[in-house]
Amino acid sequence: SQKIEQNSEALNIQEGKTATLTCNYTNYSPAYLQWYRQDPGRGPVFLLLIRENEKEKRKERLKVTFDTTLKQSLFHITASQPADSATYLCALGRGSSNTGKLIFGQGTTLQVKP
Amino acid sequence: DAGVTQSPTHLIKTRGQQVTLRCSPKSGHDTVSWYQQALGQGPQFIFQYYEEEERQRGNFPDRFSGHQFPNYSSELNVNALLLGDSALYLCASSFLSNLNSGANVLTFGAGSRLTVL
Numbered sequence: 022s023q024k025i026e027q028n029s030e031a032l033n034i035q036e037g038k039t040a041t042l043t044c045n046y047t048n049y050s051p052a053y054l055q056w057y058r059q060d061p062g063r064g065p066v067f068l069l070l071i072r073e074n075e076k077e078k079r080k081e082r083l084k085v086t087f088d089t090t091l092k093q094s095l096f097h098i099t100a101s102q103p104a105d106s107a108t109y110l111c112a113l114g115r116g117s118s119n120t121g122k123l124i125f126g127q128g129t130t131l132q133v134k135p
Numbered sequence: 088d089a090g091v092t093q094s095p096t097h098l099i100k101t102r103g104q105q106v107t108l109r110c111s112p113k114s115g116h117d118t119v120s121w122y123q124q125a126l127g128q129g130p131q132f133i134f135q136y137y138e139e140e141e142r143q144r145g146n147f148p149d150r151f152s153g154h155q156f157p158n159y160s161s162e163l164n165v166n167a168l169l170l171g172d173s174a175l176y177l178c179a180s181s182f183l184s185n186l187n188s189g190a191n192v193l194t195f196g197a198g199s200r201l202t203v204l
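If you read the protein sequences in the order shown, they are chains A and B. Numbered according to my numbering, the first sequence spans residues 22 to 135. Numbered according to my numbering, the second sequence spans residues 88 to 204.
Since the hints were made in silico from the structure, they are not lab data. Since we're looking at a predicted model, the values are computed, not measured. The beta carbon of each residue, even a glycine, is placed where N, CA and C say it ideally should be. Check before you lean on any hint, since a few could be wrong.
Think about it this way: if two alpha-carbon atoms lie no more than 30 Å apart in a straight line, the pair counts; the simulated DSS-like pairs of lysine-lysine are [stated by the list, open to error]:
(1) LYS24/A <-> LYS92/A
(2) LYS80/A <-> LYS113/B
(3) LYS78/A <-> LYS113/B
If you want the footprint, here are the derived chain A segments under chain B, 3+ residues with CB under 8 Å [to be verified]:
(4) 63–75
(5) 122–129
With the rest of the complex left out, here is chain A:
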């Protein structure tokens, strides 16, 4: 069955360092992959989308890579700040034939210490 795995342990880093989060998947061929941020008691907030034919996407301090051969995405936050502390979710989706459903990983909690 389809499976998405993110680092189950919380990631603790020092302010100013680069945080790298991993998303691995099996038994799935996504057309795109997304990253969301979720704060306690809130719904997820969309951050970035990367398509299967793209290798890398950037937005301000965020960078996402997508390797369909390794079936892996890496999510980087450079110059991390305490305000970046949250749970980060990766989500996979297919094209128009299966547009409604996103499959989410369990999320990785990032803690940035001042």
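Given chain A, put chain B in place with the hints provided.
Showing chain B alone in chain A's frame:
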């Protein structure tokens, strides 16, 4: 511009009861999806509604049903509640045209926290 609004924010029910959760999508969005998020887990897709019809459904039993109204708002109904139904129920909205182009970017509400005793 209001985002996705959900009600109630918290509720407590007992086993066997029924619950209705409500969602108003972001202004201009026409598609509503519902997700269930258990503690410490990622959201799981329940179903999606467009033009008042269920377009797609995840692996949830028939106890979970929904409805979309002409103004695009939506309800999620769960019958015969089980302890395992305790979770955060998230509503997400989007544009169908974006879905069909493969850019299924969701705007989530804050969720309804359901506790079943």
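Verification of the hints:
no., hint, result
1, LYS24/A <-> LYS92/A, "holds (11 Å)"
2, LYS80/A <-> LYS113/B, "holds (24 Å)"
3, LYS78/A <-> LYS113/B, "holds (26 Å)"
4, 63–75, "holds (count 7)"
5, 122–129, "holds (count 7)"
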